[in-house]
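One-letter residues, chain by chain:
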Amino acid sequence: MSALYLRLSTLTGLTVRDLLRQNVLYLILIPAALTLLTLPLFTALTFEEQIKFMRDFCYGTMSIFGLFLAIIATAQSLSNDLEQKTIFTILAKPLNRWEYLVSKGMGIGLILFFALTILTVLSAGLFAYQEKSLLEAAIGNATHPLSSQELQRFSDQLWSPALLMAVLILYLKLILMVGFTLLFSTVASSSLFTIFTSLMIYLIGHLQSTAREWVMGSEGLSVGMKWVVGLLSVILPDMSFYEGAERILLGATPGLSYLIPPLGYTFFNLLWILGLSTWIFESREFR
Amino acid sequence: MNSSLSLQIRNVQARYSLAWNRKAMVALDDFSLDLKAGEIFALLGPNGSGKTTLFKLILGFLKPKQGSILIQGEKAGTRKARAQVGYLPENPYFPKYLTGREILETYGGLSGLSRGVLKDRLEPILELTQMSSFAEKPLHTYSKGMIQRVSLGQALIHDPQLLLFDEPTTGLDPQGVDLMKEAMKKLRSLGKTILFTSHLLEQVETVADRIAILYQGKKLVEGSMNELLKENDAATIQVKGLSEEQLSGVKGALYDFGASAVEVTPRSGSLENLFRRYTK
Numbered sequence: 003m004s005a006l007y008l009r010l011s012t013l014t015g016l017t018v019r020d021l022l023r024q025n026v027l028y029l030i031l032i033p034a035a036l037t038l039l040t041l042p043l044f045t046a047l048t049f050e051e052q053i054k055f056m057r058d059f060c061y062g063t064m065s066i067f068g069l070f071l072a073i074i075a076t077a078q079s080l081s082n083d084l085e086q087k088t089i090f091t092i093l094a095k096p097l098n099r100w101e102y103l104v105s106k107g108m109g110i111g112l113i114l115f116f117a118l119t120i121l122t123v124l125s126a127g128l129f130a131y132q133e134k135s136l137l138e139a140a141i142g143n144a145t146h147p148l149s150s151q152e153l154q155r156f157s158d159q160l161w162s163p164a165l166l167m168a169v170l171i172l173y174l175k176l177i178l179m180v181g182f183t184l185l186f187s188t189v190a191s192s193s194l195f196t197i198f199t200s201l202m203i204y205l206i207g208h209l210q211s212t213a214r215e216w217v218m219g220s221e222g223l224s225v226g227m228k229w230v231v232g233l234l235s236v237i238l239p240d241m242s243f244y245e246g247a248e249r250i251l252l253g254a255t256p257g258l259s260y261l262i263p264p265l266g267y268t269f270f271n272l273l274w275i276l277g278l279s280t281w282i283f284e285s286r287e288f289r
Numbered sequence: 117m118n119s120s121l122s123l124q125i126r127n128v129q130a131r132y133s134l135a136w137n138r139k140a141m142v143a144l145d146d147f148s149l150d151l152k153a154g155e156i157f158a159l160l161g162p163n164g165s166g167k168t169t170l171f172k173l174i175l176g177f178l179k180p181k182q183g184s185i186l187i188q189g190e191k192a193g194t195r196k197a198r199a200q201v202g203y204l205p206e207n208p209y210f211p212k213y214l215t216g217r218e219i220l221e222t223y224g225g226l227s228g229l230s231r232g233v234l235k236d237r238l239e240p241i242l243e244l245t246q247m248s249s250f251a252e253k254p255l256h257t258y259s260k261g262m263i264q265r266v267s268l269g270q271a272l273i274h275d276p277q278l279l280l281f282d283e284p285t286t287g288l289d290p291q292g293v294d295l296m297k298e299a300m301k302k303l304r305s306l307g308k309t310i311l312f313t314s315h316l317l318e319q320v321e322t323v324a325d326r327i328a329i330l331y332q333g334k335k336l337v338e339g340s341m342n343e344l345l346k347e348n349d350a351a352t353i354q355v356k357g358l359s360e361e362q363l364s365g366v367k368g369a370l371y372d373f374g375a376s377a378v379e380v381t382p383r384s385g386s387l388e389n390l391f392r393r394y395t396k
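Protein sequence lines correspond, in order, to chains A and B. So the first sequence is numbered by my numbering: it starts at 3 and just counts up by one. So the second sequence is numbered by my numbering: it starts at 117 and just counts up by one.
So here's chain A without its partners, still in its complex pose (with noise of 0.2 Å):
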């Protein structure tokens, strides 16, 4: 095994532990899974709006708390090191700053992997038991018997295995938050504010494409300023790309082109920023 290998495996294991035994995590996940514990209580809806809500509902409780899970673990990590002194002991070692910063991202990206599954498989125990509730009171329903044709449509919405495709498409989106996270961390001096940056740059990138179009299309404005705009819209998060997400919770059959465009913006994404927060990370003094 090659010596960057070992570095790199050693400082990602060590963020892994550190994260599982923090409470952030915790913190986080356990809110998440009483949430979806809720999921039952919600009746008052027709067979089929309540599948549409059930995806609905487990995907943004994945999605809003994972993003607090990657950019509050993302800010905290580099934090903890830098208040409880051990970046002087880590960094004192033969170990490159990029590879500092590249293991913190990997333990990251672990621990959401980590979080989105447990979430995941919760939310599919959850479809099994509203599936069984929801189908036993179809069948009891005297006045709107549903066909088995309609049934099987119904489970083959619920268990759709793109949905699988949908909680990848949010983990890419996490890690390219994580990316951001990491970069603001490198010139942050407190955790706030690199968690209150990285809110309003998810919040842009959700707003991005819609802005642009509209700057763009806008004829009062100077060639010099759409040149900004386009600049702006290259270095800000653009979550458009993780739209197919959406498409599929719609029930959009998706293929390929949904998972290449937020798999190549993603990495494209993570080489600039790690190439830009390792310059800022070589240049920072630590006192």
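Derived from the structure by calculation, the hints contain no laboratory data. Some hints could be false.
Claimed, not checked - In silico DSBU-like cross-links for lysine-lysine, where the CA-CA straight-line distance does not exceed 30 Å:
id, chain 1, residue 1, chain 2, residue 2
1, B, K301, B, K335
2, B, K260, A, K134
3, B, K179, A, K87
4, B, K191, A, K134
5, B, K196, B, K139
6, B, K181, B, K335
7, B, K346, B, K179
8, B, K139, A, K87
9, B, K235, B, K297
10, B, K346, A, K87
11, B, K212, B, K152
12, A, K87, B, K260
13, B, K212, A, K87
14, B, K297, B, K260
15, B, K301, B, K235
16, B, K181, B, K212
17, B, K253, B, K152
18, B, K301, B, K260
19, B, K346, A, K228
20, A, K87, B, K301
21, B, K196, B, K235
22, A, K54, B, K179
23, A, K87, B, K191
24, B, K196, B, K302
25, B, K181, B, K191
26, B, K301, A, K228
27, B, K179, B, K152
28, B, K253, B, K302
29, B, K179, B, K191
30, B, K235, B, K260
31, B, K346, B, K335
32, B, K334, B, K139
33, A, K87, B, K196
34, B, K191, B, K301
35, B, K196, B, K346
36, B, K181, A, K87
37, B, K260, B, K302
38, B, K152, B, K302
39, B, K346, B, K301
40, B, K212, B, K191
For chain A, the structure is supplied; the task is to place chain B on it using the hints.
Chain B in isolation, oriented as in the chain A frame:
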């Protein structure tokens, strides 16, 4: 670069810029130092004199505003240079849930050591630091002295040539101090170079080959213990075979009194007095 030098520092200056455009504070000014393999060098100075700043410059945590630092010929701050440096911080912090052995393995991994190399390195380090009896226990059960031994172990795990010990004996009990001093002497015998800081002057006196005193970022004095502690205007006269009465008039003509042996050697003061004289 002289190839026999473990550390070569030339005219280094470090400054801390202050907020609101106030004048930058000079933490270390025109500092030079050469350390050879197999010597123990002590940096003395009051708090804020620039000792820890120097360590951070050597490790690349700070960048000098001028001057150069070479470690075994490599520019300070580079990965190759850090491969030659072991650092024991003043207040080490390690994850409390890990055992002493796991800490050493983790820091070995961070140095890029394979399991095979680590296995060979661990036992001699556990022996030198006398950690074997508690290496399998988690850190939250450790005393300050035990944590300091783990910290010493992690500093040595990648077999560096230059060792930086920041206040290595502060807060330790006498047994802990003795262990640290013995470890330093053993490491010197293995050809390692040790640069350390301390406020405990008596302990410095017993292990250091050379010292320097820093004050407000400037090096006031540097030299070997023997040179610096020699007082030229005073001498100790040791006589043998004289009674208490005869000793009273011995200064003028010792041999006239019939002494069988007279030995005159330069008198040494204490390191503490030297330190106080320069930093008062």
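Evaluated hints:
1. K301/B / K335/B: Given that 30 Å is the threshold and the Cα spacing comes to 25 Å, the pair holds.
2. K260/B / K134/A: Not OK: K260/B and K134/A at ~59 Å, beyond 30 Å, violated.
3. K179/B / K87/A: 18 Å, holds
4. K191/B / K134/A: 69 Å, violated
5. K196/B / K139/B: 35 Å, violated
6. K181/B / K335/B: 17 Å, holds
7. K346/B / K179/B: 37 Å, violated
8. K139/B / K87/A: 27 Å, holds
9. K235/B / K297/B: 26 Å, holds
10. K346/B / K87/A: Not satisfied, since the Cα-Cα distance of roughly 41 Å exceeds 30 Å.
11. K212/B / K152/B: With Cα atoms ~37 Å apart, K212/B and K152/B exceed 30 Å; violated.
12. K87/A / K260/B: This hinted pair holds, its Cα atoms lying about 17 Å apart.
13. K212/B / K87/A: Distance of about 14 Å is within 30 Å: holds.
14. K297/B / K260/B: The given pair, whose Cα atoms are some 16 Å apart, holds under the 30 Å limit.
15. K301/B / K235/B: 24 Å, holds
16. K181/B / K212/B: Distance ~37 Å between K181/B and K212/B Cα, so the pair is violated.
17. K253/B / K152/B: The hint is violated at about 38 Å.
18. K301/B / K260/B: 22 Å, holds
19. K346/B / K228/A: The hint is violated at about 77 Å.
20. K87/A / K301/B: Given pair K87/A, K301/B holds - Cα atoms ~28 Å apart, limit 30 Å.
21. K196/B / K235/B: 23 Å, holds
22. K54/A / K179/B: Violated - the C-alpha atoms of K179/B and K54/A are around 58 Å apart, more than 30 Å.
23. K87/A / K191/B: Judged against 30 Å, a Cα distance of about 24 Å means the pair holds.
24. K196/B / K302/B: 25 Å, holds
25. K181/B / K191/B: 14 Å, holds
26. K301/B / K228/A: 69 Å, violated
27. K179/B / K152/B: 23 Å, holds
28. K253/B / K302/B: Given pair K253/B, K302/B holds - Cα atoms ~26 Å apart, limit 30 Å.
29. K179/B / K191/B: Holds, at roughly 11 Å.
30. K235/B / K260/B: 26 Å, holds
31. K346/B / K335/B: 19 Å, holds
32. K334/B / K139/B: Measuring from Cα to Cα gives roughly 18 Å; hence the hint holds.
33. K87/A / K196/B: 23 Å, holds
34. K191/B / K301/B: Status holds; Cα separation ~27 Å.
35. K196/B / K346/B: 40 Å, violated
36. K181/B / K87/A: Holds - the C-alpha atoms of K87/A and K181/B are around 24 Å apart, at most 30 Å.
37. K260/B / K302/B: 22 Å, holds
38. K152/B / K302/B: 16 Å, holds
39. K346/B / K301/B: Given pair K346/B, K301/B holds - Cα atoms ~23 Å apart, limit 30 Å.
40. K212/B / K191/B: 34 Å, violated
Checked against the numbered hints above, the structure breaks hints 2, 4, 5, 7, 10, 11, 16, 17, 19, 22, 26, 35, 40 and satisfies the rest.
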